[in-house]
Amino acid sequence: MTAVLDYQQLKADLSKELPGIEIQAESSFLLALPEDIHHVCQYLVSRPLQMDYLTNLTAADYPEYIEIIFHLNSIVNNTAMTLKTRLTDKTNPKMASVVDIWRGAELQEREIYDLFGVVFENHIGLKRIFLWEGFEGYPLRKDFANGH
Amino acid sequence: MAIKTESFILNIGPQHPSTHGVFRLRLILDGEVITDLEPVFGYLHRGIEKLAEGRTYLQDIPFTDRLDYLGSMTNNHAYVMAVEKLAGITVPERAEYIRVILDELQRIASHLAGLGFFLNDLGALQTPLLYMFREREKIVELFDMCSGQRLNYNYYRFGGFVQDLPEEFLPALKKLLDTLPGFIDEYEQLISTNEIVLIRTKGVGVLKRELAINSSAAGPVLRASGVNWDIRRNDPYSIYDRFEFDIPTAQNGDTYDRYMVRIREMRQSVRILRQAVKDLPEGEIMGKAPKLLKPPAGEVYSRIEGPKGELGFYLVSDGTDKPYRWRVRPPCLLNLSALKDMVVGWKVADLMAIFGSIDIVMGEVDR
Chain A
1 MTAVLDYQQL KADLSKELPG IEIQAESSFL LALPEDIHHV CQYLVSRPLQ
51 MDYLTNLTAA DYPEYIEIIF HLNSIVNNTA MTLKTRLTDK TNPKMASVVD
101 IWRGAELQER EIYDLFGVVF ENHIGLKRIF LWEGFEGYPL RKDFANGH
Chain B
1 MAIKTESFIL NIGPQHPSTH GVFRLRLILD GEVITDLEPV FGYLHRGIEK
51 LAEGRTYLQD IPFTDRLDYL GSMTNNHAYV MAVEKLAGIT VPERAEYIRV
101 ILDELQRIAS HLAGLGFFLN DLGALQTPLL YMFREREKIV ELFDMCSGQR
151 LNYNYYRFGG FVQDLPEEFL PALKKLLDTL PGFIDEYEQL ISTNEIVLIR
201 TKGVGVLKRE LAINSSAAGP VLRASGVNWD IRRNDPYSIY DRFEFDIPTA
251 QNGDTYDRYM VRIREMRQSV RILRQAVKDL PEGEIMGKAP KLLKPPAGEV
301 YSRIEGPKGE LGFYLVSDGT DKPYRWRVRP PCLLNLSALK DMVVGWKVAD
351 LMAIFGSIDI VMGEVDR
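Protein chains in written order, with full-length UniProt numbering: chain A, 1 to 148; chain B, 1 to 367.
Be aware that one or more of the hints could be misleading.
As the list claims (entries may be wrong) - Have a look at the derived ranges for each label pair, beta carbon to beta carbon: (1) A:L131 / B:V348: 22 to 30 Å; (2) B:P296 / A:N77: 41 to 49 Å; (3) A:I21 / B:I9: 20 to 28 Å; (4) B:G319 / A:L33: 23 to 31 Å.
These aren't lab readings, by the way, just hints derived from the structure by calculation.
Glycine is no exception: its CB is placed at the ideal position from the N, C-alpha and C atoms.
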């Protein structure tokens, strides 16, 4: 059975290993700032946690921010965790790409860019994935008018 | 004197028999050798995630059928299980057994279709495909008996099923289980030691273990690269912890291994099915679930081992009758992440074999 990591413990470890990083431990996820996310991911993928498998990367649009959600697994340790970050600048949302850490992020980041308009800096080829270039707006944003 | 060559772009698809749907492969070629590849998606994008957010939880079940349409039963299961977790709905024992039975039948049906098309792509035109569809047809008939549909079943409900299995289902299933291993032997006789298949698949399109994990590959593609990872065993759901079965893996991560893992998985599915049929209890097939579901505010990520790999649903509820966020974790899309690494250096004809061995369905890739 996949064991979900203890977020309080994880927060304590991260604060020790990466001083200066602001991190929050909620009951079911770890919350980091967008500017720290790359560092946090690098730590998570290294030993001893070895979160080597990016199971799912997605986003959700809320009135105040766009939330980016990472569901991570360690194949070796059979552990799981959820990492989140919140982009409050909804007119120009951007954060560092994690494709250099997990190749599995490549297509999923393109998806988030396509449907939510989040720019992933240093992505190896950030462009729309499902919709055509020139499509106006980001359909999975809640303010996207689609006739509903 | 060396001959000067010039690289050129070749588009395969979006309409091509070997692209398994509307999918475009943009290749850069040096002669026949692939030097770069860019997969181009979106031709089948129907905005299912957006549509689902505008409808009730129950109305979203048919959308799941139309993702991987060769694995509709497992898609149904992954989704209803996520909603059940979100809303705290319990499923009766009999329904859990039926879910395992349908999921494993769906795995076999999906692998049969996948392998048939794979061999078709290799140039074994139609014959193996028709052999595989012969057995898939029997499974489709079983699904037709219980759901009234042959492709998009819409059979699962929150807490159980829309109706119980009909009387003729179990005898037909038992008959199928008696004959299926013989047919799998027959496919193996035809294919596994076939000289042409061996030459065209052994060592071709290797996906190394580290890259398979790093690129979030799932299912048979991941296990063929030597990773013993199966949600049924690593993060058990439903009642999978009650059954004895092995997780087939292979070491080389080549096209042949991906074929072989699927063959061996079908045998394990038969093994699970026999146990499930033997232990299937009588009783209710529907737990207590409100007609208009309003799960409490919260979120869930729930996953199953679908035929193509980890199929997950990330749902966010705001307490209303419609999901606030509805996300599919698509194994077919993520299995394409490492395609470029698998095909660069191989020839165009090998691309078809490699691509066929990943077994994708565009309904799920594009959503």
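Now for the hints, and whether the structure bears them out:
1. A:L131 / B:V348: 22 to 30 Å: Holds, since A:L131 and B:V348 (Cβ atoms, about 29 Å apart) stay within the stated range.
2. B:P296 / A:N77: 41 to 49 Å: violated (31 Å)
3. A:I21 / B:I9: 20 to 28 Å: At 45 Å between Cβs, range violated.
4. B:G319 / A:L33: 23 to 31 Å: holds (28 Å)
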